[in-house]
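Visitor: Okay, here's what each chain looks like letter by letter:
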Amino acid sequence: MKTNLSTLLAQAGNRKDPKTGAISVPIYQTASFGHAGLGQSTGFDYSRTSNPTRLVLEETLAAADGGAKGFAFSSGLAAIDAVLHLFHSGDRIVVTEDLYGGTFRLFEHVFRPLGLDALYVDTSNLQAVQKALQLPGVKGIFIETPTNPLLKIANIRAISSWARAQNILTIVDNTFLTPVFQKPLELGADIAVYSATKYLSGHNDVVAGAVVVRTAELAERIGFFQNAIGSILGPQDSWLVIRGLKTLPLRLQKQQENALQIAIWLSSHPHVKLVHFPGLPNHPGRNILDREQIGFGSMISFEIDSTTRVPEILSGVKVFLFAESLGGVESLITYPAVQTHADVDLATRNRLGINDRLLRLSVGIEDVNDLIHDLETVL
Amino acid sequence: MNTRTKLIHSGKDRDPYTGASSIPIYQTSTFAQPDPEHPGPYDYARSGNPTREALEHSMALLEGGTHGFAFSSGMAATSSVLLLFKPGDHLVVGQDIYGGTYRVLTGLFKQWKLDVTFADSTDPESIRKAITPATRALFVETPTNPLLHITDLRAMVKIAREHTLLAITDNTFMTPYLQRPLELGFDIVVHSATKFLGGHSDLIAGVTVTREETVGHHLRAIQNAFGAILGPQDSWLVQRGIKTLGVRMDAQQKTAGTLATWLSGHPAVGAVHYPGLKNHPGRDIHESQASGSGAVISFELRGRPEVLKLLKQTQLTLPAVSLGGVESILSYPAMMSHAAMPRPERLARGITDGLVRLSVGLEAADDLIADLDSALTVTTK
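Same order as they appear, the protein sequences are chains Y and W.
Heads up, the first sequence is in our numbering, so the first residue is 1 and it goes up one at a time.
Heads up, the second sequence is in our numbering, so the first residue is 1001 and it goes up one at a time.
Certain hints may be false.
[Stated by the list, open to error] Here are the computed distance ranges between Cβ atoms for each label pair: (1) 268(Y) - 1021(W): 31 to 37 angstroms; (2) 1303(W) - 26(Y): 35 to 41 angstroms; (3) 1339(W) - 15(Y): 29 to 35 angstroms; (4) 19(Y) - 1039(W): 44 to 50 angstroms; (5) 22(Y) - 1339(W): 31 to 37 angstroms; (6) 329(Y) - 1262(W): 57 to 63 angstroms; (7) 267(Y) - 1039(W): 26 to 32 angstroms; (8) 109(Y) - 1244(W): 34 to 40 angstroms; (9) 1154(W) - 108(Y): 55 to 61 angstroms.
[Unchecked claim] No more than 20 angstroms apart at the CA atoms, straight line, and that leaves these computed lysine to any residue pairs for SDA-like: (10) 1312(W) - 34(Y); (11) 1110(W) - 223(Y); (12) 1110(W) - 87(Y); (13) 139(Y) - 1113(W).
[Claimed, not checked] Sample of chain W residues lacking proximity to chain Y, with all beta carbon distances greater than 10 angstroms (derived): (14) 1003; (15) 1116; (16) 1120; (17) 1130; (18) 1183; (19) 1251; (20) 1280; (21) 1325; (22) 1350.
To be clear, the hints were calculated from the coordinates, so they are not data collected in a lab.
No experiment lies behind these values; they were computed from the predicted model shown.
Beta carbons are placed, not taken as given, at the ideal position from N, Cα and C, and that holds for glycine.
Assemble the whole structure, with the sequences as input and the hints as a guide.
Guide: See the structure below:
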């Protein structure tokens, strides 16, 4: 029987402690594991290499995405870092142009100096992607979809099939939709990466990252990097992400319902010029979403009519929290130009549409009327 | 302020809001901001978390540096330091460096065209000879793992200054309680905080401390961009461990001295490596740069069959990977910490098939001696 995702997630970590029968997996707060004798490992030697609590999380993530293996890291960026070590000095990688500022910084400030050349394209434009994949030296494509903060949609199935034909690795940052709404590996991608800080843990209480790979060969290489670099997730945080995963489908459904109502409400507000939300009928990526994905998430970005209004909105909100991050049960409002995307240069930001009138909402599970009322007051 | 006092009072380990004597565990990913013109002191926990910051501040104070950074493991600390370099840069690295450092250099940074020459750090001339025009840094350990060789830290600083190199050292075995390389002129200290700093074999963590602002700022950018940070729970546990570092280290090295002397006279044991022994070749240098001999000993048995018997027979010392905890740990470098190194290279470095490493914990010396004695006696049968 193929277990449904909700069942798999609700029971994550169950039946893992035969000694006591504890329903919740123990937090193995240990560095090392004793051996009965030399060569008689329990399967656990040193927690950097593998820790039983982290392993439950990693197995759950792999099962949720239908991958060969999962890996948990100390942050989303540490997860992406581990994946980028698959490449070499002199390689090129095609990257979604309006991606998370931290990922942009990792490409530009850490990996470009090492010799990895990132080529930024609009991955919602299939012609542009196809052209970029033909360029010499391209070994990978890194897609964010929906993008952060403009919620553009990429066609993972089409892109990954072209990429595979040319031996190019497809990596998808699936932070915004999670396996509940989108399964990149089933659509043909080789690797899914996550900031598990966001929806996967879902309570704004953990910084964590994850990687799920499609093949055993990739699993071996990422496993080597995880152990060699050592950017692992600790046992307490691993346990908190497992705990978060149990309510992931419930949270996402409620957040999506709230987000749709807010997006519709914003679309008709006189001070709002533009609303980016993949769930709106007029969203340009909507047909891909309807075909490839089960849901459209709960991230909204919108442009207001005047920059001068921004400070009073951000300091005036009473229910929304003005903070960086997203994906938690509590709704957050973010100002991408000065927070999440501050590391992207001004010209690029303006070209992409990440201007100083753009605000981003991460919609939580509060009562939707309270959220709308809060926005109405400040707008 | 005396180091013993700094271990207890680091300045940022109290909660200004409630007065709690222990810093709260800030299990949060983000911090609400008052408004865009007045950003708060913390925005996102990868960039800064008060619990982690208390530990980072404490480590900077203890090592006498400008910035401390806490990472998800000792290897994440080392990997972050290695990101300071660029393709084509060359490093001179002590040949008996920790196996994990060897692995990340040869198995990962090599593909980013970072060149490495391994040289004998106990011999400054051998280090000097390995320097090329592309050399940017020296990376050494002292005492080394697992042979407890001594590197002359002042001589390394002199060479680094002459060639404008960054001087990096792994201070895991000594901790700032016994040895402070930044005060001798080193630029960066790295630690596996899993070991003596945490001290209870209950977490994985790493730390780096920098001597100068510029390197500190560069490493801060790397910590935030690469994101291999230490979580709040583990940060809090390391900070808690540091409070007893002094008393633990005093007791552990006292027992280690007793055990090293006793092992030297045991018929089943060949060479004993411990910087506190009178015949240790690096003893004078060690005493000139550190205030104690530490709590790690290594010693030689005849070969692998004898090691297997010893690990099987001991009742008190835990056969495991790792070191530096309150419990004594016996490990077998050839198959554990240095398993990543090809055998010929391992043997060339003196890490034989009969070498055993003992991390001495807080158990009573008499109990440890009795346990080892009965286990060692079996190995001769």
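Visitor: So which of those numbered hints doesn't the model satisfy?
Guide: Per hint list: 1, 9 and 21 violated.
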